[in-house]
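A.B. asks: Here is what each chain is made of, one letter per residue.
There are 2 protein chains.
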Amino acid sequence: MTITQLPTPGFSFELLATLGNARAGILHTPRGDILTPAFMPVGTAGTVKAMTPAELVTPPIDARIILGNTYHLYLRPGLEVMRAVGGLHRFAGWSRPILTDSGGFQVFSLAGINAIDDEGVTFRSHIDGSKHRLTPEVSMDIQGVLGSDIAMCFDQCPPGDAAPEVIDRAIARTTAWAHRCLAVARPAGQALFGIVQGGIDLDRRHAHRAVLAELPFDGLAIGGLSVGEDIPEMYRVLDGLVADFPSTRPRYLMGVGTPADLERGVAAGVDMFDCVMPTRNARNGSLFTSVGKVTISNAKHRADPGPLDPECPCDTCATASRAYLRHLHMSREILFNRLATLHNLTFYARHMRRLRDRILSQGAKAP
Amino acid sequence: MTITQLPTPGFSFELLATLGNARAGILHTPRGDILTPAFMPVGTAGTVKAMTPAELVTPPIDARIILGNTYHLYLRPGLEVMRAVGGLHRFAGWSRPILTDSGGFQVFSLAGINAIDDEGVTFRSHIDGSKHRLTPEVSMDIQGVLGSDIAMCFDQCPPGDAAPEVIDRAIARTTAWAHRCLAVARPAGQALFGIVQGGIDLDRRHAHRAVLAELPFDGLAIGGLSVGEDIPEMYRVLDGLVADFPSTRPRYLMGVGTPADLERGVAAGVDMFDCVMPTRNARNGSLFTSVGKVTISNAKHRADPGPLDPECPCDTCATASRAYLRHLHMSREILFNRLATLHNLTFYARHMRRLRDRILSQGAKAP
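For the protein sequence lines, the chains are F and S, in the order given.
Quick note on our numbering: the first sequence kicks off at 1 and runs consecutively.
Quick note on our numbering: the second sequence kicks off at 1 and runs consecutively.
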């Protein structure tokens, strides 16, 4: 058992066991323990869509950490409101850890970009077209007001098919911005993770990883994957990269992925994941089960009195038939989004718990 | 204490106390007791929108009965599905009583009417335009498949501004259809209520009431109010009509209403109510509180860290600030519909409980 005190007071990483490159551990934070490998449900705008905090902390979901989106919360409700209510935890009624992204990914993917320069990004809100500017310092200030437990560096994430020179410029900027994020004073109890870029080029990835590993980050993330590249390319990068990350700090694969992606990521040595897939797919009627993906709108479920997944312990599978779920989905009932999201998050939580248990039971105890 | 066995085996009405014309009692049914006066949340399409059954049966809501809409459930999911899953209770996971309307009101208000005759109504579905025919016999058959605890007679409900001859024809048809509904065999444990029509004309109302009171209904309803007439007119009809209903059977005011309407209805002697107002208003951001109606989109709530209603014991008021509720509403988050509906149904439930407690504490015990 190896416990490493991380640079930010109150944070430590405990490595419990390894199985090949896969790791099982605990990220200790002032707001509670995060059992790794961990999946973080995405709470874009101050809510994991359709769910209450009480449902998320109740087993079998038992989410130890959720993600909040800096870009969305900065635009709405905005910092004045966030200050008035005392930060994101109190706003959303969530007392366990929260990780906030930097806003960078959303600015590059959702907003209308006016200008990117070495200083930062000027963009227009996707809500009302208003003009805003995000820099490493502004992103850190916003994350400070949100009061997240883990802040992320403001980075530049190029698309999956970006040219080498675009990727090199993004790497250089991300490195410069990493230094600037570290220089900003954070509220007590807020850790900071750096983000490794470099597209699908392993040499570039390793070079950037080596640079960031020297900086006093509490953890390192892999950004810029699952942004349009082929899946085998993503797996190749993970397999060739993650094991060389510092073993004493948590590793976070951003925005990934399918259950299979999570399994591959864990095998490569990743400790933390986030993705909208379980929650978004749920609302679209695409449900993960022990017998494969179920498209609930399919007519074959029309009069099926059986449960969605007989092996699932969630309330949805305990109380609703496939026929009822299909009816709610076809009728666009709000209750469908609740029941489907509860189920998909349960599936993801159990998937991660199985992967973790396998490492603990079959792996080697950390020295 | 007076317990009257109602015509349908397993159903009895217990009158506990009266205060003027107001009554407090218990409607005993095979699936449980309904404390009256009672408000029935509306579960249009097999779900009280945004709510789970577990939330509805948990105090302070503790709904003893909900309403299901025959028209909606007949069109979707349809009777084949309903038969396959074993009825509405199992379909929706609701084990307490359900009252189903006859489908008449929705046919007249939602569907495209092709023809009304003494036999029944031919209409087109508001979902896909398909052609259907509803008669007293068909309505009873559908309600039998749904397996509701209280079925309603198929009636003709004219608009509030209908001409006298239109109202007279609706009364005559409703009477003839009442006899035909009574003639249909019902599943064991299903009661049947008649519906008194007559617009806002007290003489017509009394004449129809007298006719229906002679028939072996388990309860009598007032239909055709809150359909466009002025509020004082509705109150005048209630005050002049309801006290003459048989005192030994439950009285149900259909589709009403505001908290003030419920109070007036209870004072006039009504025992049961249903209305989409608490649930629909919730989704539109209109919230009932002890300090009056709150329009949550109002900018003044933007940074308000206080609860929606400090006197309300619901989870919404315990966990969410007005600022958070407003944010969720402005962001069109599903969670808003949940939290708002939970609150409004709590408000209605507590309102009814207060009215009932006042009758019990200040009224005369029934002999």
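In case anyone wonders, no lab produced these hints; they're calculated from the structure.
It is possible that some hints are incorrect.
It does not matter which identical chain is used: a pair holds within one copy or between any two.
Below, in silico cross-link-like pairs of lysine to aspartate or glutamate (DMTMM-like), each with a Cα-Cα straight-line distance of 25 Å or less [stated by the list, open to error]: (1) Lys365 to Glu119; (2) Lys300 to Glu80; (3) Lys131 to Glu214; (4) Lys293 to Asp128; (5) Lys300 to Asp128; (6) Lys131 to Asp141; (7) Lys131 to Glu80; (8) Lys365 to Glu165; (9) Lys131 to Asp203.
A.B. asks: So which hints don't hold here, by number, going up?
C.D. replies: 1, 3, 4, 8, 9
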